[in-house]
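Okay, here's what each chain looks like letter by letter:
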Amino acid sequence: MTLLDLPPATGPHHPAATPFRATPLGDTDPLRYLDEHGAPVEGGLHPSEEELAPERLMAVYRALRLARAFDTEATALVMQGHLAVYPSSRGQEACQAAAALAIEPQDWLFPTYRDTAALAVRGIDPAEALTLLRGSWHCGYDPKRWRTAPQCTPLATQAPHAVGLALAAKLSGDPVVALCLLGDGATSEGDFHEACNSAAVYQAPVVFFVQNNQYAISVPLRKQTHALSLADKAVGYGMPGVRVDGNDVIALIHVLGEAVRRAREGEGPTLIEAVTYRIQPHTNADDATRYRDRHEVDIWLARDPLDRLAKYLTATGNLDESLDAAIGEEGARYTARMRAELADEPKVDPAEMFEYVYAAPTPQLRAQRQMVEQSLAADEAEE
Amino acid sequence: MTLLDLPPATGPHHPAATPFRATPLGDTDPLRYLDEHGAPVEGGLHPSEEELAPERLMAVYRALRLARAFDTEATALVMQGHLAVYPSSRGQEACQAAAALAIEPQDWLFPTYRDTAALAVRGIDPAEALTLLRGSWHCGYDPKRWRTAPQCTPLATQAPHAVGLALAAKLSGDPVVALCLLGDGATSEGDFHEACNSAAVYQAPVVFFVQNNQYAISVPLRKQTHALSLADKAVGYGMPGVRVDGNDVIALIHVLGEAVRRAREGEGPTLIEAVTYRIQPHTNADDATRYRDRHEVDIWLARDPLDRLAKYLTATGNLDESLDAAIGEEGARYTARMRAELADEPKVDPAEMFEYVYAAPTPQLRAQRQMVEQSLAADEAEE
Amino acid sequence: MTPTATATAADKETAGGVRTAGPAPATAAPSKTVTFAKALNTALRDALAADDRVVVFGEDVAELGGVFRITDGLAKEFGGRRCFDTPLAEASILGTAIGMAMYGYRPVVEMQFDAFAYPAFEQLVSHLAKMRNRTRGALPMPVVIRIPYGGGIGGVEHHSDSSEAYIAHTPGIHVVTPATVEDAYWMLRAAIAAPDPVVFFEPKRLYWSKAALQLPVTTGPIGTAAVRRQGRDATLIAYGQSVPVALEAAEHAGEYGYDLEVLDLRSLVPFDDAAVTASVERTGRAIVVHEAAGFAGFGAEIAARVSERCFYRLEAPVLRVTGLDIPYPPPKLEHWYLPSVDRVLDAVERAMAA
Amino acid sequence: MTPTATATAADKETAGGVRTAGPAPATAAPSKTVTFAKALNTALRDALAADDRVVVFGEDVAELGGVFRITDGLAKEFGGRRCFDTPLAEASILGTAIGMAMYGYRPVVEMQFDAFAYPAFEQLVSHLAKMRNRTRGALPMPVVIRIPYGGGIGGVEHHSDSSEAYIAHTPGIHVVTPATVEDAYWMLRAAIAAPDPVVFFEPKRLYWSKAALQLPVTTGPIGTAAVRRQGRDATLIAYGQSVPVALEAAEHAGEYGYDLEVLDLRSLVPFDDAAVTASVERTGRAIVVHEAAGFAGFGAEIAARVSERCFYRLEAPVLRVTGLDIPYPPPKLEHWYLPSVDRVLDAVERAMAA
Ligand SMILES: Cc1ncc(C[n+]2csc(CCOP(=O)(O)OP(=O)(O)O)c2C)c(N)n1
Ligand SMILES: Cc1ncc(C[n+]2csc(CCOP(=O)(O)OP(=O)(O)O)c2C)c(N)n1
Ligand SMILES: [Mg+2]
Ligand SMILES: [Mg+2]
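Protein chains in written order, with my numbering: chain R, 1 to 383; chain B, 384 to 766; chain U, 767 to 1120; chain P, 1121 to 1474.
One or more hints might be untrue.
Okay, derived cross-link-like pairs now, DSS-like style, lysine-lysine, Cα gap no bigger than 25 Å in a straight line [unchecked claim]:
hint : chain 1 : residue 1 : chain 2 : residue 2
1    : U       : K798      : U       : K842
2    : P       : K1452     : B       : K730
3    : R       : K144      : R       : K347
4    : R       : K347      : U       : K1098
5    : P       : K1196     : P       : K1152
6    : B       : K730      : B       : K527
Don't read these hints as lab results, they were simulated from the structure. Fair warning: this is a prediction, and the values are worked out from it, not measured in the lab.
Required output: the full structure, derived from the provided sequences and hints.
Here is the structure:
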């Protein structure tokens, strides 16, 4: 049923008849620091001492656990009808945590619908972060306070915003970086291309961080690209492209850190592809059994990003069962609070629908607001 | 006045701090067969014997002369008010001729507004080819007879059409190739990206042929891309990308021929960047002195694609002054006919405006047509 | 694979050597109660079976069968060459359809949600709508764009837009939207068989509505409206998922002694002036109902036409009951936005009082 | 470079720490006869000078000064950080503007021709129009999109579209179009100073028209129409380059004894119901004139509103004189398409005879 029986994206390419050769960027094995069992790989990345400092890594581990706890709770909440929809980032927690931790408070994050856990790690109150998915018309948190754009649904459309913001910061002489999150599917959109190309031309301080979770809803990566790596797209923009293991949080923090540093120091944009996996269906409304094998999911479950760091921390003597349990309790307290905050139906005032369409409502909107208010008053009178 | 004092596209890139490196596809010198003086270059391309056969090259030379004659005449005609606008391809004749000659009758060409000379080389009557630029609402020639799409103005939008047509041919099992012409500026558009990426995924028999004439109206290439080569964009699609001298018609025919062969034989799409130059302003309405030096134009005038082949043909004993003069007369006859055909105002029947909007006009259109016809009749009655 | 037709009806719009089929009546089948979604699915299946030139593609349409399952089973039944998933790129999806149509195919593409068709806007306006014209008929565009539209399903932002006004203003495109299960089947067959591009708006709130469907079925051709309820006092003019709202309002109004006619436009382009004018000439009053924002919405065209054509007959101004002039609101507020039965009845009161 | 304001007027919409300036009156200058194009150019220059947060970018706007020279000299005067050329990518141009606005800038972007704004449609509808709302005012979008529009200049295909109806139907955007030299200056200043996104449609046929311009100048605020000619018998409602057509028609009609009022809408969103209704209540007849295709065009909204609001006063149906429902025709045929003085007069005859 595959269109035209395409070779898998990792399969062999065209015979190399110089110069008619598809030239991949380099080794297609993603960069790593840890192997799947949590041991440093030979020939792997060299994170800085600071990046490897135990306190730092414990903070990272806590962030991973927070992301997981958040995601688990949100998944439960959507089942219970407290959210309108929830796109889970289970399995992608290393990316979520690394994205939030790689940037400074003055930097801007441009998240997608799937990146609510990253917002939680950035410090946004979970109830605020879930406002939109809960069924409100606005993003909940104050985007300027948190330097976080509202989560973006139209795919790749946030990428030019990140470029614009980064360009604005550059023009203002501010050391501000824009970190733009994207999915693998979104790299096929025109806006992704236009944003990357423009960012490179402007040498804007932006980092494009693609979480390649192998699927765009049901569409697997091999139907999304014929290249061996999404990072290869960087070549065409004259910017560095890096492919990194998306379940290796140490590698991610190192690579993101370097990209953010480059951006901040005027060395221009970077494209990062993190190879990871979407463990859950696309959203709670999706049925993933229609398009993928349980077996495939199992393989990736075994590559769990939390386990990997936990094993490393345990092996290096920084984590033990009791500490782990304590962190688990932190998470439990966090999710209990989250559950409580989300238990009540949020209050919505229909009049607010008209409040923010324009700075000042048009005469027509004033009339419509009046109509709604009258009808609201009539309803209340009836009750 | 340059934005942010960007380095020129050919300038040095980021310091190579592995893996944060912008990786160009390869040598950025375009592929060549002939040097600027018409002598085969050392280490250059190896065209086939067939491609180098004197009769073949003489046909190519005639095509170049035809393209030049056509362009010169069209430029004159627009000055005299016989055309509404004319975007000249002077200096790009090698690309124009090679594009038309590289494909077979059953293949489809997807030209832009700048590629009228290529249509002439493909055999389309010049008056037909100029219909749109003359001020009609349709493309003049029969696109199915000539397997040539109407010239496309909205930049890069023809690229997905070429992909669709190529995919259709592939699904039909027909050995048909789509050759899509694009400008350097058009590579920045989202449609270019979406088309290339989709073509690679579908392994559609399409060739993307970018005439990099260094400008998009006034915008020079360095404001369009930060990469060293537009062909680098191919890497991200997992397709071959080739950079070729756009004023070396032998190199072009060889490279296009190979890309067309690959497409036809099921080896998928190719991206070709031809490095050339737009000698004239963007169109007759443009004033190029506002944004570029005469000096720059002079450099490229010295790289004339016709001269280059003429020198080679002369050196190889295939061309002499009298033959050249005879070819010149062929051209003169062609342009005389062209002039004559375009001398008369084309007849336009306003009722035809309604004829092709739909297969059958809507009731509303019938009424509007009637209104126009009545008013036409009234005008005629008055005369 | 060269497309060959498995049905016989000839079509003047044949491009190249491929043969063609209109929506030839399928063999008679027993009446079944099916969902609107199933009727669409069956129409696609029958169209694929009837004409080799028909291809179905878009995001998630093959393996998954579409997020609304409208294309369920088609890839399995007809193979990956007739029904396939595309990369995530809407301009390219429509552009690819245009290119395939140039070669003689009849592509049916799905846009996953209304707001996600916007990236294809340039392809739609500058190419799909104009290709026949700019080639004097040499390259007709028998392309169908299926767009699930409208709200009332509790969707988050960007999932409930109604974009018909944008398209209807673009000459060269036909714009239709079914409101009944029979029309879902027949109008989709007719759209696929049509020689011109059709934007086929699917009222997504009706996907799960059910009715009997007996095949073969033939309803009115594209370009014609249908009277869904006869009445004498006023005409409710609606389309898509506003039709059931109008019908329900008409039932209620009956209780107050108002006898309302309900006209289902079915086709926005071409517009059935004859049916609309005839109805309003009978009733003398008109109320337009649609979900899209009212300002410069399609209802403006309806109201303007009716006001002009029925000027001497109208006993009350033509009223519009539409979405509000705000971005589509979230689930918890959408009932305020949508043209509800109450709001329609309110307009009826006002029209009758005039 | 941190933006600092060189003018003092404070603005509630300030984003971040940057200061701001409304279109503060420039120092009085002698009256000069200038082209419409020059008035726009002067407005941009004055806006750049008045407020450091204003940036101008788009295709060919810097070095070349724009294909219509509206941005002529700005890059030279203000440098490449205030006025710059972009890569050829309209979605990204608008998306970049949105991102810059998020940071507190006030971008003014140029779309080279009407039809070349279509690639930015998704950014416009799904982001520019909605960002203030989806952030409860935290991220206002003081962005101006300049779009040269309309025909009558002998342009080849895609160079004469009128796309105002698409935009006006999108809540969250203001849509304005000047018809006089004074408005060209003042409305562009007002648009740049406005706290919300404004699509600024420039009637390209009027670029070369001339009139006296004495600075500082203040005309009506965005959202208000202007009576360009007073009359008693009927109101011609027009905007952009249809205003001079309406005025010419009114002059001619005077010869036949009809005294026509001409209303220049200036602002399509917000719509000046008060002015429109007041005029038609006076005259009892209305004729709408615009260049865009009539079907579902902006004239439908005007006609629908007037028909509803002036129902009891109207002595004739509201008529529309508009572009035809076909793709914009080529130079040699465009006079058939455009709402000409003759077609307007014809409508006047019909309205007066009613
Ligand atoms: C422009 C656009 N087209 C289609 C959609 C519908 N849609 C929502 S998510 C999705 C898949 C996205 O995949 P990917 O970019 O890989 O991100 P992921 O969901 O895997 O995180 C699609 C098709 C959309 N939101 N926007
Ligand atoms: C979508 C779109 N945006 C803008 C334009 C206006 N425009 C016409 S040609 C041109 C420059 C194109 O440059 P390039 O692609 O390099 O082709 P060239 O003209 O040099 O052959 C521009 C900006 C257009 N035609 N289409
Ligand atoms: Mg994905
Ligand atoms: Mg160019």
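Status of each hint after checking the structure:
1. U:K798 x U:K842: OK: K798 (chain U) and K842 (chain U) at ~23 Å, within 25 Å.
2. P:K1452 x B:K730: The hint holds at about 9 Å.
3. R:K144 x R:K347: holds (23 Å)
4. R:K347 x U:K1098: holds (9 Å)
5. P:K1196 x P:K1152: holds (23 Å)
6. B:K730 x B:K527: holds (23 Å)
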